[in-house]
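Working from the sequences, and respecting the hints, build out all of it.
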Amino acid sequence: MLSRNPEEPIISVEGITARFGEETILADVSFQVRRGERFAILGGSGCGKTVLLKHLVGLYRPYTGTVRVMGTNMTEVEEADLIELRKKMGVLFQSGALLGSLTLYENVALPLQAYTDLSPAAIEEIVRMKLALVNLEGYQNHLPEELSGGMKKRAGLARAMALDPEILFFDEPSGGLDPVTAAEMDNLIKGINTGMGTTMVIVTHDLPSIFGVASRVIMLDKGVRGIIAEGDPSTLRETSQDPRVVHFFNRQMAGRDQEER
Amino acid sequence: MKSRTSIPALHKFEVSGSAGGETTLTISGRVSLETLGKFREDVDRFFPQPAPQGLRVDLSGLQYLDSAGALALLTLRRRVESRSIPFQFVNAGEEASRILTLLDRPTLQTPPLLSSRRSANLLEQAGEGSRALAGDFLAGMEFVGELIRGLAFSLVHPRSVRWEDVIFYMKRAGMDGLPIVSLISFLIGLVIAFMSSLQLKQFGAYLYVASLVAIAIVRELGPLMTGIIVAGRSGSAFGAEIGTMMVNEEVDALRTMGFDPVRFLAVPKVLAAMIVVPLLTLYADFFGILGGLLIGVMFLDLTVYSYVDWTLWSITLFDVVASLIKSMIFAALIAGIGCQRGFGVRGGAAAVGSATTSAVVAGIFLIIVVDSIFAVILHYVR
Chain G
1 MLSRNPEEPI
11 ISVEGITARF
21 GEETILADVS
31 FQVRRGERFA
41 ILGGSGCGKT
51 VLLKHLVGLY
61 RPYTGTVRVM
71 GTNMTEVEEA
81 DLIELRKKMG
91 VLFQSGALLG
101 SLTLYENVAL
111 PLQAYTDLSP
121 AAIEEIVRMK
131 LALVNLEGYQ
141 NHLPEELSGG
151 MKKRAGLARA
161 MALDPEILFF
171 DEPSGGLDPV
181 TAAEMDNLIK
191 GINTGMGTTM
201 VIVTHDLPSI
211 FGVASRVIML
221 DKGVRGIIAE
231 GDPSTLRETS
241 QDPRVVHFFN
251 RQMAGRDQEE
261 R
Chain U
262 MKSRTSIPAL
272 HKFEVSGSAG
282 GETTLTISGR
292 VSLETLGKFR
302 EDVDRFFPQP
312 APQGLRVDLS
322 GLQYLDSAGA
332 LALLTLRRRV
342 ESRSIPFQFV
352 NAGEEASRIL
362 TLLDRPTLQT
372 PPLLSSRRSA
382 NLLEQAGEGS
392 RALAGDFLAG
402 MEFVGELIRG
412 LAFSLVHPRS
422 VRWEDVIFYM
432 KRAGMDGLPI
442 VSLISFLIGL
452 VIAFMSSLQL
462 KQFGAYLYVA
472 SLVAIAIVRE
482 LGPLMTGIIV
492 AGRSGSAFGA
502 EIGTMMVNEE
512 VDALRTMGFD
522 PVRFLAVPKV
532 LAAMIVVPLL
542 TLYADFFGIL
552 GGLLIGVMFL
562 DLTVYSYVDW
572 TLWSITLFDV
582 VASLIKSMIF
592 AALIAGIGCQ
602 RGFGVRGGAA
612 AVGSATTSAV
622 VAGIFLIIVV
632 DSIFAVILHY
642 VR
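Residue numbers (this note's numbering), protein chains in the order written: chain G, 1 to 261; chain U, 262 to 643.
Simulated from the structure, these hints should not be mistaken for laboratory data.
Honestly, I wouldn't trust all of these hints.
[As the list claims (entries may be wrong)] Taking lysine-lysine and the DSS-like style, the derived pairs with C-alpha atoms no more than 30 Å apart in a straight line are:
1) U/K432 x G/K88
2) U/K299 x G/K87
3) U/K299 x G/K88
4) G/K87 x G/K152
5) G/K87 x U/K273
Keep in mind the model is a prediction, meaning the values are calculated, not measured.
If you want it as structure tokens, here you go:
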């Protein structure tokens with residue numbers, strides 16, 4: 001439950017340019033994420049979705065432009081403040097990124113032990129609750145290698161939620177999952193969003209997930225190195241005239257939509 | 262609800278109603294992860310009053326609740342209900358009741374599916390250990406068989422060997438290792454010459470320093486030190502490389518493409534090591550003798566000519582050849598054990614780490630064992 005001013009954007013990106021060496025990945029990208037929404041960043045492979053996500057969580061610093069997360073300017077923030085800020089953000093990486101030598105319990109308890117002074121009993125209760133939230137109750141003594149891909153992702157989500165973050169970032173939450181498991185993951189994201197009001201920022205190119213989860217999307221394109229469309233995914237699919245958007249939502253190869261039909 | 266500034270830092274408890282009768286507990290303010298310790302303390306303190314007939318928890322004043330706080334509220338309810346006291350949340354706001362509904366599930370109490378891992382007793386551990394040791398030995402033997410088959414196959418079909426890989430690993434294990442091998446053997450030659458001169462001075466037998474250095478370096482220390490350095494540099498690298506490939510399923514991919522992973526990955530490394538380690542050993546011998554020469558010429562009043570003359574007189578071609586053969590066997594052992602440990606990796610990053618460690622430890626162990634065997638055999642052959 002986030003008792004905050006809902007109008008104030010929780011993330012605001014202003015004119016960022018991402019550059020590696022001579023190569024520009026993103027040029028002058030601006031957008032805002034509102035509190036409590038399920039915001040998706042779409043685009044084909046190699047368009048800079050993951051790079052953008054890493055800028056949002058402060059792993060990369062932009063070449064130019066600013067990223068503000070919860071009012072803090074990520075481009076100028078001190079390392080100590082960044083750590084404080086990161087406690088309010090949870091990130092779920094593509095393959096879960098669980099520490100392989102620790103059990104699920106230890107993985108989820110890690111941030112709680114490091115950043116709170118709760119008693120072991122209280123920590124245990126919270127860890128069990130987080131695991132139950134992602135439908136992994138009973139798995140606290142399992143090692144990550146003993147789990148399937150979908151379970152690893154859910155365990156990663158439990159760890160990302162350990163400190164009750166205000167924003168959760170997802171990198172391809174349904175990537176590599178079967179349709180049923182992917183749908184479960186989507187439901188989980190939606191359930192947590194509506195139940196706890198956590199803002200969700202999702203990087204994905206999976207069409208069913210986009211329509212199932214996202215309330216608002218931006219679409220990136222490799223050619224313009226920036227945003228080509230923004231809005232509600234269903235509306236975009238119905239009304240967009242941009243051939244790149246149409247191809248993406250209709251799962252077509254560029255340039256041959258006519259003859260294939 | 263209100264904006265950021267008006268959220269209080271802590272919760273507030275207000276109890277109303279008669280003792281022993283219907284009681285209302287009003288919780289207001291903030292119940293969250295940061296204040297959870299205090300909240301649990303306050304709940305404990307609230308408890309020991311005479312048991313009420315019923316408890317209503319009024320949440321109307323609640324301004325901030327996160328999942329940890331909601332869990333604490335649910336725990337409170339469970340504790341009250343376990344004493345058969347009727348319990349009720351009242352006036353919960355929309356967001357609070359959404360979180361409570363999300364968390365309120367019977368599965369919160371599910372016991373672990375696996376019991377805790379650290380429970381084996383001494384006997385069990387010993388049994389596990391010996392089984393692992395036996396399995397390790399069997400896997401090692403199996404790998405030795407496969408490796409010998411692979412090497413024999415490449416002898417018969419030299420074109421099947423990935424020679425560009427062999428050259429790459431020769432450069433890695435040989436050329437890149439040359440500076441450290443040279444430096445260490447040079448210093449060892451220096452130290453042997455210096456230490457032995459202190460003793461031989463008593464007999465005025467300085468010239469024997471040359472023999473001592475030559476024999477010690479060429480017969481034993483050259484091959485041994487080179488082997489140990491190569492085990493540390495390259496045996497570990499081979500283990501880590503193949504181990505990471507195992508984790509990334511690259512080895513499985515090779516297998517599905519019809520390649521034999523041992524022939525594809527291990528044979529080039531073993532061949533490269535077998536070619537390059539004897540050469541490194543020659544360098545080590547040379548630099549070791551050079552170290553001795555430096556001491557001899559600078560401190561013992563020997564001429565370069567007499568030192569070299571005595572050195573050549575002390576060692577035979579047999580010594581040199583035996584040392585090279587020995588180092589070639591060391592190389593096969595180091596590279597082989599490195600690859601074998603790599604192929605044994607199961608799991609993730611930690612397994613790669615232990616495979617690397619065990620590649621170096623086992624490599625050095627095998628070198629020392631084989632060196633002892635060689636010492637005995639050469640004594641009788643000579």
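Status of the hints after comparison with the structure:
1. For the proposed pair U/K432 and G/K88, the alpha carbon gap of about 49 Å is over 30 Å, so the pair is violated.
2. Using a Cα cut-off of 30 Å, the hinted pair U/K299 and G/K87 holds, with the two alpha carbons roughly 20 Å apart.
3. Using a Cα cut-off of 30 Å, the hinted pair U/K299 and G/K88 holds, with the two alpha carbons roughly 21 Å apart.
4. For the hint linking G/K87 to G/K152, the alpha-carbon distance of about 21 Å falls within 30 Å, and the restraint holds.
5. Among the hinted pairs, G/K87 with U/K273 is consistent with the structure: their alpha-carbon atoms are about 25 Å apart, no more than 30 Å.
Checked against the numbered hints given earlier, this structure breaks only hint 1.
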